[in-house]
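Let chain A serve as the given structure and place chain B with the ligands on it in line with the hints.
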Amino acid sequence: MKEITVDELIQPKVQFVTGNDAIVYGALLANCRFFAGYPITPATEILESMTQYLPLLKEGYCIQMEDEIGSIGAIIGASWNNVRTMTATSGPGFSLMQENLGYACMTETPCVIVDVQRTGPSTGQPTKPAQGDVMESRWGTHGDHNIIVLYPNSVQEALWTTIRAFNLADKYRTPVVLLSDAAIAHTRERLEIPLEKEVEIIKRIPVTIDKSKYHPFRTGYSVPSKVPEMDRFGNKYHTYLTGLTHDWKAYPETNSAEVHEKLVRRLYEKIDDNRHDIIKYEEKYLEDADIVIVCYGIASRTVYSAVETAREKGFKVGLFRPITLWPFPEDKIYDISLDIDKFLVIEMNLGQIYHSVLEYSKGNCQVESLFTLGGQLPREKEILKKIRKR
Amino acid sequence: MLKPSDELREKYLRKDLLPSMFCPGCSIGQIMNYTVRAIDDLEMDQDKLVFVSGIGCSSRLPAYFEAYGVHTTHGRAIAFATGIKVTNPDLQVIVFTGDGDIAAIGLNHFLQSIRRNIDITVICVNNETYGMTGGQVSPTSPMGFKTKTTPYSNIEHSFNLSFLAKAAGAVYVSRWTTAHSVQAIKAIKKGIKKKGLAFIELISACPTSDRRFPEPKDYLNYFLNESIRYKPHCEDELSSHVFKNLNECFTAQDEGKLIVGEITDLDKPDYHELYKELKERSINEFWKKRENTD
Ligand SMILES: Cc1ncc(C[n+]2csc(CCOP(=O)(O)OP(=O)(O)O)c2C)c(N)n1
Ligand code: SF4
Ligand SMILES: [Mg+2]
Numbered sequence: 003m004k005e006i007t008v009d010e011l012i013q014p015k016v017q018f019v020t021g022n023d024a025i026v027y028g029a030l031l032a033n034c035r036f037f038a039g040y041p042i043t044p045a046t047e048i049l050e051s052m053t054q055y056l057p058l059l060k061e062g063y064c065i066q067m068e069d070e071i072g073s074i075g076a077i078i079g080a081s082w083n084n085v086r087t088m089t090a091t092s093g094p095g096f097s098l099m100q101e102n103l104g105y106a107c108m109t110e111t112p113c114v115i116v117d118v119q120r121t122g123p124s125t126g127q128p129t130k131p132a133q134g135d136v137m138e139s140r141w142g143t144h145g146d147h148n149i150i151v152l153y154p155n156s157v158q159e160a161l162w163t164t165i166r167a168f169n170l171a172d173k174y175r176t177p178v179v180l181l182s183d184a185a186i187a188h189t190r191e192r193l194e195i196p197l198e199k200e201v202e203i204i205k206r207i208p209v210t211i212d213k214s215k216y217h218p219f220r221t222g223y224s225v226p227s228k229v230p231e232m233d234r235f236g237n238k239y240h241t242y243l244t245g246l247t248h249d250w251k252a253y254p255e256t257n258s259a260e261v262h263e264k265l266v267r268r269l270y271e272k273i274d275d276n277r278h279d280i281i282k283y284e285e286k287y288l289e290d291a292d293i294v295i296v297c298y299g300i301a302s303r304t305v306y307s308a309v310e311t312a313r314e315k316g317f318k319v320g321l322f323r324p325i326t327l328w329p330f331p332e333d334k335i336y337d338i339s340l341d342i343d344k345f346l347v348i349e350m351n352l353g354q355i356y357h358s359v360l361e362y363s364k365g366n367c368q369v370e371s372l373f374t375l376g377g378q379l380p381r382e383k384e385i386l387k388k389i390r391k392r
Numbered sequence: 006m007l008k009p010s011d012e013l014r015e016k017y018l019r020k021d022l023l024p025s026m027f028c029p030g031c032s033i034g035q036i037m038n039y040t041v042r043a044i045d046d047l048e049m050d051q052d053k054l055v056f057v058s059g060i061g062c063s064s065r066l067p068a069y070f071e072a073y074g075v076h077t078t079h080g081r082a083i084a085f086a087t088g089i090k091v092t093n094p095d096l097q098v099i100v101f102t103g104d105g106d107i108a109a110i111g112l113n114h115f116l117q118s119i120r121r122n123i124d125i126t127v128i129c130v131n132n133e134t135y136g137m138t139g140g141q142v143s144p145t146s147p148m149g150f151k152t153k154t155t156p157y158s159n160i161e162h163s164f165n166l167s168f169l170a171k172a173a174g175a176v177y178v179s180r181w182t183t184a185h186s187v188q189a190i191k192a193i194k195k196g197i198k199k200k201g202l203a204f205i206e207l208i209s210a211c212p213t214s215d216r217r218f219p220e221p222k223d224y225l226n227y228f229l230n231e232s233i234r235y236k237p238h239c240e241d242e243l244s245s246h247v248f249k250n251l252n253e254c255f256t257a258q259d260e261g262k263l264i265v266g267e268i269t270d271l272d273k274p275d276y277h278e279l280y281k282e283l284k285e286r287s288i289n290e291f292w293k294k295r296e297n298t299d
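Protein sequences appear in the order of chains A and B.
Residue numbering for the first sequence follows our numbering, beginning at 3 and increasing consecutively.
Residue numbering for the second sequence follows our numbering, beginning at 6 and increasing consecutively.
Bound-form chain A, shown alone (with noise of 0.2 Å):
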């Protein structure tokens, strides 16, 4: 039987799409394939997409599970089956899926977690956009973890934010949490479709190392990283896993505060040690602004106009767009702060980013909210106000 490319799957290459779709795109794109999930608004078409996707495509596999808790259990498991593999949820999901993800951080698993956010908390609004899980993809597993975590603001950026979190997963043998909303995930926009060749996989190291002088959590062996090299099942090097402390034999040790802070510290600096790497962001005209408006993801979509419109009037406005959430882009906002008299931070939320721009702007300049709750994206009349506001 003939096999199935990806560029053949998903044609034509210019298509009028959902967000929801780009991120299937892109994952498959990125050679996902495996994808376990459980249906939840508004995250549920990827998960329908995937299983009409994946069983067509060489060792492809998909699989609805029993709940969220054992959707990102069976992608963590198939991830060291050397596969990449995704889960897509919401909010109530996602909370169920935080123990899990901290397993993720403490063996070293890449993987990729799609929350596309609905209001809450608890059940909330299941069809309207919201950002309140801001703080949860950062802090919603227990105990001191480092992660990365990306927000596109478009359906095309969701095509590539989607690739490049499969990258980053495996570069830094990390979960990536890729944020999204009910807004990105159901609106239609013109989306180019890359073919695969023009998409750029950066693969996981494998072992190479002498059997007898492997261990899995050694790091430094082939490459000078923090990042381990990583082993896959039914090869030879036998490596056993845990989401107890373990020494770099990857043995337990459950009372050694020494063993514990070497990890947990190499667990953070692998990934901020990398900052450059890992950090995106958009900005626009900060060069003469005054006020820099730090917006995210579906928010950032009324702010672009009100720029404008502020700037047409006068206001020396510019924009600051994470793409990268976590880790934040402190020293960024650090250097703006010098130069500026006000962020005006404007989020879906009651205040969540809000507050990094508050501690790392180190009262240089004022701070400066706009929240907006029900699903309602901040209107232009009143991020125009809170500019005119001086």
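Warning: the hint list may mix true and false statements.
Below 25 Å or equal to it, Euclidean Cα-Cα: the simulated DSS-like pairs (lysine-lysine) are [to be verified]:
hint: 1; chain 1: B; residue 1: Lys195; chain 2: B; residue 2: Lys273
hint: 2; chain 1: A; residue 1: Lys205; chain 2: B; residue 2: Lys195
hint: 3; chain 1: B; residue 1: Lys16; chain 2: B; residue 2: Lys191
hint: 4; chain 1: A; residue 1: Lys213; chain 2: B; residue 2: Lys16
hint: 5; chain 1: B; residue 1: Lys53; chain 2: A; residue 2: Lys238
hint: 6; chain 1: B; residue 1: Lys200; chain 2: A; residue 2: Lys60
hint: 7; chain 1: B; residue 1: Lys236; chain 2: B; residue 2: Lys195
hint: 8; chain 1: A; residue 1: Lys60; chain 2: B; residue 2: Lys284
hint: 9; chain 1: A; residue 1: Lys387; chain 2: A; residue 2: Lys318
hint: 10; chain 1: A; residue 1: Lys238; chain 2: B; residue 2: Lys293
hint: 11; chain 1: B; residue 1: Lys16; chain 2: B; residue 2: Lys53
hint: 12; chain 1: A; residue 1: Lys388; chain 2: A; residue 2: Lys286
hint: 13; chain 1: A; residue 1: Lys251; chain 2: B; residue 2: Lys53
hint: 14; chain 1: B; residue 1: Lys236; chain 2: A; residue 2: Lys4
Quick caveat, the hints were computed from the structure, so don't treat them as lab data.
Same frame as chain A, now just chain B with the ligands:
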């Protein structure tokens, strides 16, 4: 002829982790021994062997095997194992779990994996208590049992996990106590060879946390004296130690008897076989559609 333990230990266990963490008199060491003998008899490829577990004393087992091992989160071993087996059917996946791990927090994953008939082997160390956390009541603790969290005695009915697995449609279920070494090894071997989900329940002793008996050896006597065979197709009509129907079993169980035996052995297609078919079918349909639209 039994192979000497030293030889098996050398080949199958991580010697730098021994002696194990298990208490003296604990059944888990025996189950490690039975599993080693089963995989040795089957001449299994250790590179392709993945032991997956949840949380609990019993779930610490994978660490000791010279093979792949994944010590996951409480109750979730089977979910992880599902992802592992589905994406790499060449692996032999064996799940170690405890009664709390599989019958309380992880019960749904267990039943769903039986329904899917994922080709894995699940070995449950049923010590009828939460050993690791110090002896609280578990869904398999007998009624009337006094534990740390049932200080006035347990008023809940207990699960018989093997019958539950049978009712859910498992293709292979076998239930023994750790005093039944020969049968346990045979069951593990049969379970591993079985296509589809095999469940082996081993009633075990946790002398440290459950403290039902003063001496570990008392558990063995209890296991041997109180167990009764469930054998639906038994020839020997007169045997007083054989039950042929489930109702008899339930009554006996309520009276404190331990039901053992091969509970189920049947055949049906496993998940991978059906997925392979589905893949072929859907790819064919894809090309057909393509031809028609071209
Ligand atoms: C989510 C979660 N809840 C609770 C615990 C605490 N805990 C650790 S082991 C255990 C019970 C294990 O009992 P069982 O599965 O019967 O294993 P045993 O120790 O008896 O072999 C519990 C509740 C945990 N680790 N994780
Ligand atoms: S606490 Fe019980 S189950 Fe755990 S190792 Fe000790 S005897 Fe075994
Ligand atoms: Mg137990």
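Results for each hint:
Using a Cα cut-off of 25 Å, the hinted pair B/Lys195 and B/Lys273 holds, with the two alpha carbons roughly 15 Å apart. Taking the CA atoms of A/Lys205 and B/Lys195, the gap is about 39 Å. The hint is violated against a cut of 25 Å. Distance restraint check for B/Lys16 and B/Lys191: the Cα-Cα separation of roughly 20 Å lies within the 25 Å cut-off, and the hinted pair is therefore satisfied. Distance check on the hinted pair: A/Lys213 and B/Lys16 sit about 16 Å apart at the alpha-carbon level, within 25 Å; holds.
Pair hint B/Lys53 plus A/Lys238 holds up; C-alpha atoms about 9 Å apart against a cutoff of 25 Å. Under the criterion of a C-alpha separation no larger than 25 Å, the hint pairing B/Lys200 with A/Lys60 is consistent with the structure, at around 23 Å. Between B/Lys236 and B/Lys195 the CA atoms are separated by roughly 17 Å; this keeps the pair inside 25 Å, and the hint holds. A distance of roughly 9 Å separates the Cα atoms of A/Lys60 and B/Lys284; the hinted pair therefore holds under the 25 Å criterion.
For the given pair, A/Lys387 sits about 14 Å from A/Lys318 by alpha-carbon distance, which is consistent with the 25 Å threshold. Under the criterion of a C-alpha separation no larger than 25 Å, the hint pairing A/Lys238 with B/Lys293 is inconsistent with the structure, at around 42 Å. Note on B/Lys16 and B/Lys53: the hinted pairing holds, with a Cα-Cα distance of about 15 Å set against a maximum of 25 Å. At most 25 Å may separate the alpha-carbon atoms for a hinted pair to count; A/Lys388 and A/Lys286 meet this at roughly 18 Å.
Of the pairs offered as hints, the one joining A/Lys251 and B/Lys53 holds, with about 20 Å between alpha carbons and a cut-off of 25 Å not exceeded. For the proposed pair B/Lys236 and A/Lys4, the alpha carbon gap of about 50 Å is over 25 Å, so the pair is violated.
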